[in-house]
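These are the residues of each chain, in order.
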Amino acid sequence: MTDTPRTDCELAIVGGGPAGLAAAALAAELGVETILFDEQPTPGGQIYRNIEANSRKLDALSDILGADYAKGLALVERFRSSGAAYEPLSSIWQVTAAGKLGVSQKGRAYLTRAGRIILATGAVERPFPVPGWTLPGVMGAGAAQTLMKASGVVPDRPTVIAGSGPLTYLVAFQLMKARAPLTGVIDTSRKGLLETGLTALPVLPGFAGDLLKGLSWMAALRRARIPVFSGRNVAAEGGSRVEAVTFEGRGKRRRLPASLLLLHEGVVPNNQITASLRCRHVWDAAQMAWRPWTDEWGVTSAELVAVAGDGAGISGARAAVHGGRLAALDAACRIGRISRAERDERARPERQHLQRDARFRAFLDNTYRPNEAVRRLANETIACRCEEVTAGDLRALVAEGFTDINQLKSFSRCGMGQCQGRMCGATVARILALSLETDMESVGYYRLRLPVKPLPVAQLAELGNAERDLRPSPLGADGDPSQRV
Amino acid sequence: MFRRLRADDLTTTIYFDGRPLRCRPGDSIAAALLAAGVERFRTTPVSGTDRMPHCMIGNCFDCLVEIDGRADQQACLVPVREGSQVRSQLGTGKFDAV
Chain Y
1 MTDTPRTDCE LAIVGGGPAG LAAAALAAEL GVETILFDEQ PTPGGQIYRN IEANSRKLDA
61 LSDILGADYA KGLALVERFR SSGAAYEPLS SIWQVTAAGK LGVSQKGRAY LTRAGRIILA
121 TGAVERPFPV PGWTLPGVMG AGAAQTLMKA SGVVPDRPTV IAGSGPLTYL VAFQLMKARA
181 PLTGVIDTSR KGLLETGLTA LPVLPGFAGD LLKGLSWMAA LRRARIPVFS GRNVAAEGGS
241 RVEAVTFEGR GKRRRLPASL LLLHEGVVPN NQITASLRCR HVWDAAQMAW RPWTDEWGVT
301 SAELVAVAGD GAGISGARAA VHGGRLAALD AACRIGRISR AERDERARPE RQHLQRDARF
361 RAFLDNTYRP NEAVRRLANE TIACRCEEVT AGDLRALVAE GFTDINQLKS FSRCGMGQCQ
421 GRMCGATVAR ILALSLETDM ESVGYYRLRL PVKPLPVAQL AELGNAERDL RPSPLGADGD
481 PSQRV
Chain B
1001 MFRRLRADDL TTTIYFDGRP LRCRPGDSIA AALLAAGVER FRTTPVSGTD RMPHCMIGNC
1061 FDCLVEIDGR ADQQACLVPV REGSQVRSQL GTGKFDAV
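Chains as they are written, first to last, in the working numbering: chain Y, 1 to 485; chain B, 1001 to 1098.
Calculated from the structure, these hints are not laboratory results. The beta carbon of each residue, even a glycine, is placed where N, CA and C say it ideally should be. Careful, some of the hints might be misleading.
[Unchecked claim] Okay, the calculated bits of chain B under chain Y, using three or more residues with CB under 8 Å as the criterion:
1) 1011 to 1021
2) 1024 to 1033
3) 1046 to 1060
[Claimed, not checked] Simulated DEER-style distance windows between Cβ atoms:
4) Y:7 to B:1068: 56 to 64 Å
5) B:1025 to Y:205: 23 to 31 Å
6) Y:344 to B:1020: 53 to 61 Å
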């Protein structure tokens, strides 16, 4: 971290998870002047959150987090010794197609011009709206895991986990090991592992380890006599706090007393920046999420900007490393550090790994399609947490003729609160699509405005280096406030 | 609702609504508050109901608190600093005059 911010570089990378770390390390090793910006205080991303500090001490927490987590240290160490500059605790509030980043750090905003940009902003948990999900005591399962990794903090009141996919069972397993009072797991997946076994057969030989790991978590929960239910229509009940979790299982409504409900139905790309850039996006029907369109190097429809890792489509931490390296190789080639031949040669093993991982990902996508998180919401359920707009409020507006998602945003205020649509965007689009009997592609997404992270007006007013820039951006001046300062 | 697995390194003190809380250097303010039993981080500007962090990774904005006189701070993204004065954010929150 420097006191005088660097205001230009050859390559800027946004995000310090596996994709960003791998990209930054390789680019710097190839002689590219690289800065990695990250919102967190230490490198690792969410998957390897706090890995350096946690690796220094072998104790109960190390045992809970396990060997897969520990593998992240090598990635961080290679990044640390690569010579890439590192700017932690940095919020990126704009990225323009002309390669200008708006950074806010230590209460001060500045602009950095980058020759090229790699966005490695990773994934966020898929918003999972259920009745009562705004009550204190409803969190993401990933949020509970983050608390564990970052601070060694675990639940100590009755906890229920509801959802599907590997992370649901991993978190349940980890909480069990941490002796958290886990009173039940509600599996919301439509199909069990057995039913999708046929799909799994062709990938089984290469991924037996991964599959066995998942089965071992389930077996450990059974041994600990933690009840696992198959259920749907999950709801949090309580006056001002969560008091119970209800769901339908085996045809009847059941109720589990709980203070904490952890929800999880997979993760989706964090594409706030590419959406604000008006990059071309594609709807991924298998993952039920938008992702930025990219070429085989991760380059988006904004030529200077590439995306790597889960931000380009959910592919997992292992694949993110290889995706990050591909983007770095391409950047180094375009900047002139390596030839096209060298880029292509070095890319080959990375692509082989990616192809191998893609087969397992297809199996996971098929087995754990989101189910409860994308169901039709009851009228009373809150769609937009910030502005407290219910599904019923939205349906009433649609019935009045507000059938464009941005019209709906203006009139309902969904997407205009603090989170800028991060928590409600997909839900509002789905309500609209279901009401109009059309698909998500036809509905589209909110027109996102800069800044993509809240920025105090005082910081904007004191922007150190907001020189007038008259160069037209490749995508036009739309959405670049620095060109109008 | 939460407890700490390690309680040996609580060397930093922050204040929440005037109450001193011991925490670990490196904690986010959100983790420190949750570990200390805080369940109401803020009340919403629309209905005035209580909120607690939901995502812990800067996405949901339900952990907003006032830190050292500044409203709208994402508690899950701000590390604890010795002596930080944190207040729960009521409604739209308030900024102290500087």
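Results for each hint:
{"no.": "1", "hint": "1011 to 1021", "result": "violated (count 0)"}
{"no.": "2", "hint": "1024 to 1033", "result": "holds (count 6)"}
{"no.": "3", "hint": "1046 to 1060", "result": "holds (count 14)"}
{"no.": "4", "hint": "Y:7 to B:1068: 56 to 64 Å", "result": "violated (28 Å)"}
{"no.": "5", "hint": "B:1025 to Y:205: 23 to 31 Å", "result": "violated (47 Å)"}
{"no.": "6", "hint": "Y:344 to B:1020: 53 to 61 Å", "result": "holds (60 Å)"}
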